[in-house]
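Just so we're aligned: the sequence shown equals residues 1 to 69 in the UniProt record's numbering.
Take these hints with a grain of salt, some might be off.
Ranges of calculated distance between the beta carbons of each label pair, as one might list FRET restraints [as the list claims (entries may be wrong)]: (1) Asn56 with Val17: 25 to 35 Å; (2) Gln54 with Tyr3: 14 to 24 Å; (3) Gln55 with Tyr3: 12 to 22 Å.
Just so you know, these hints were derived from the structure itself, not from any lab. Beta carbons: idealized from backbone N, C-alpha and C, even for Gly.
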Amino acid sequence: MDYAIQLANMVQGQTGVNPPVGAVVVKEGRIVGIGAHLRKGDKHAEVQALDMAQQNAEGADDLYYVRAM
Numbered sequence: 001m002d003y004a005i006q007l008a009n010m011v012q013g014q015t016g017v018n019p020p021v022g023a024v025v026v027k028e029g030r031i032v033g034i035g036a037h038l039r040k041g042d043k044h045a046e047v048q049a050l051d052m053a054q055q056n057a058e059g060a061d062d063l064y065y066v067r068a069m
């Protein structure tokens, strides 16, 4: 969860009216996907993190953390 908060903090002030959001997908204690919503019209942090986890061919039993500021 701390890393999701760090990702959200990194985009603070860049997201316009949208809240800064960070997302992390963890499997067996290892990060397999991350994301941060940068601006309106871009993929949301959750989608980015899940896309990355899917590209890493990880299963559906991943643990998922999201943090909106």
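Hint by hint, here is what the structure shows:
{"no.": "1", "hint": "Asn56 with Val17: 25 to 35 Å", "result": "holds, 32 Å"}
{"no.": "2", "hint": "Gln54 with Tyr3: 14 to 24 Å", "result": "holds, 19 Å"}
{"no.": "3", "hint": "Gln55 with Tyr3: 12 to 22 Å", "result": "holds, 18 Å"}
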